[in-house]
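The task is simple: from the sequences and hints, build the whole structure.
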Amino acid sequence: MAKNRTKNIISLLSGGIVLFVLCLLSLRFGSAHLSTREFFFALTDVKRETVGGVIIYNVRLARLLSALVAGAGLGMSGAILQIVTGNRMASPNLVGVNSGAGFAVILAIWLFPSLFAFVPLFAFCGAFLTTAFITALSRKVGVSKSNVILIGLAVSAILSAGISLISLIDTDVLVSYNAFSVGSLSGVKFEQLMIPAITVGFVLVLSCVFSQRLDILSLGDNTAHSLGLCVPRVRIFAMLLASASASSAVSFAGLLGFAGLMSPHIARRFVPENAKILIPASALIGSILVVLSDFLGRIMAAPSEIPAGILMALSGSPFFLFLLLSKGGRKDA
Amino acid sequence: MKRIFLLFLVLLCLIFPSCAKKQEAVNDTYFTFTDDTGKEITLSEKPKKVAVLFSSYAQMVLLAGGSVSVTVGESIERGFADEGTFLVDEGAGKKINTELLIAEQCDLVIGSVDIAEHNKTAGFLSEAGIPAALFRVESFEDYERVMRELCGIFSDEEGYRQNVVRVKNGIEKVLSQIPEGEPKKILFVRCASGAKATKAKTKDNSFVCRMLYEMNTYNIAENAPLLLDGLSTEEILIENPDYIFFSTMGDEDAAKKYMMSLLEQDEWQMLSAVKNENYTFLDKNLFQYKPNDRWDEAYKILAELLYGKE
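These protein sequences, in sequence, are chains A and B.
Using the working numbering, read the first sequence as starting at 11 and increasing by one per residue.
Using the working numbering, read the second sequence as starting at 19 and increasing by one per residue.
Hints are not guaranteed to be accurate.
[Stated by the list, open to error] The list that follows gives simulated cross-link-like pairs (lysine-lysine, BS3-like), each with its CA atoms no further than 25 Å apart: (1) B/Lys-221 <-> B/Lys-191; (2) B/Lys-275 <-> A/Lys-199; (3) B/Lys-293 <-> A/Lys-57.
The set of hints was computed from the structure by calculation and includes no laboratory data.
Below is the structure:
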């Protein structure tokens, strides 16, 4: 037991070190070339009076923090959903986060183009309310794993159709919507991160507090019920937690795909299938994935940028396939 | 036997007139031109009923002495067609009701090479025997060339002199006054409400950037070996352009408001173009839509913005 605990601590610490190194690289390098001297000088320019200071603090640090929060939020959300649905292919998209946020955003851009400052709020509300709607529908037919998945798919399909319809009616909204749908951390400000960061932190704490119940739920509905767990209530609560976490991320980062799906799979390589460890580990892996994607997206095509969402899909999908096809992957699926 | 003979006679009667008609068509040529897809189009007479699927080209048809009988909603909005003109699309011509268009039996249909729907529609029209021409206008030279064809179609040499030659002289006058020396660093941004990325454009994908290029300027977006629309804020800060031009898409007011909110942010305030208020929101009618007979005016405006104070 002590040996396992030590192993888990080492895994998490190693992940933390990898993330720390990535954070340093992300600050040090970007589209603009700063010499080592300029970089250290810029680091001391906390008041942002020089171009270097503005680049480091306003541009790179803001993006780094947003990548950390977005990755953690999506990774955690994916882990929670995979536990409560018992389906390792589950991701925030399953509970309508992406389609709900996307529909709300395109609707806002179409009907209220001047209210661009409120787009993150629309995104969050769209995502969260969609999940709430799915859980409410699930309660009617029974909150089983398969019902949740099926209802989620159906609702997502309807919202996706709504997105297509609006973009057909007014093609001009596509320009603004595309930037959101691709998933990018460009232009995210510190002010936009406060509430999402608090929400993600809150979800992390709550999920650790309720981890034992999640572990019981993962044993199967019948077993969980026989152990005295109120399965529907715990499942709904967990889904709402997952949605709050993912909705916070998409509100400022857009529709970053794959982070929620891949992070738990990668985390399982290093930590056991124990909610108390798996969820924080997934948050850590999610942050690593998004920080890495954003960093590479900024330097690979400099001075242009490849949005993090695209890079994650391009690199994440083959890696994910590799995981599935490898020996450990077959066990996971 | 009698029936077979009668059937043979009927068939002959059907074949001969169509041959005669074909012969007639080959001899009767009013005007022949090649559109921008390389297709040769022959008109047997001056077109009376013309469909124009792109608002800028609707204006060009009017300038060339023609009239627009069928068009798209944007043409009416921009004042290039009367309110009651028959429409085959309510918007900018991105979705054409081909059935309605064919039913109108126009003598000539004009569309844009750059709109996929027009290319598809042109295919249908050709099969139905309706002449369909697709053009691309991305520079004054393109405008000059297409107007030459249109003025030929509508036999309006005076229209060509007024709306092309005069404009060309105006442009040459403006360009002759552009000072030589170190090129000015500029940035051209297409902005929309709420769009996250700074959508910088270059001369390869924007006629305005092409115009600016002719005026001794250097577009910092040209640095990018692969411009993915989203130009890095870091790059803009490092390059620090002398002048920034904005063009808006979609809701103009909302896009301006959004861009102004961005300009108030610290990193944009660092730019000398923003500090010195060397930035402009360009008029949609001249710099989003093609300027047509106002190309000289568009050049003049840009020249005054860049060099007017010197």
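Q. Is it true that the CA of B/Lys-293 sits at most 25 Å from the CA of A/Lys-57?
A. The given pair, whose Cα atoms are some 18 Å apart, holds under the 25 Å limit.
Q) Keeping to a limit of 25 Å between CA atoms, is the pair of B/Lys-275 and A/Lys-199 held or broken? A) 18 Å, holds
Q: Below or equal to 25 Å on CA atoms is what counts here, so check B/Lys-221 against B/Lys-191.
A: 22 Å, holds
Against the hints set out earlier in the document, no violation occurs for any number.
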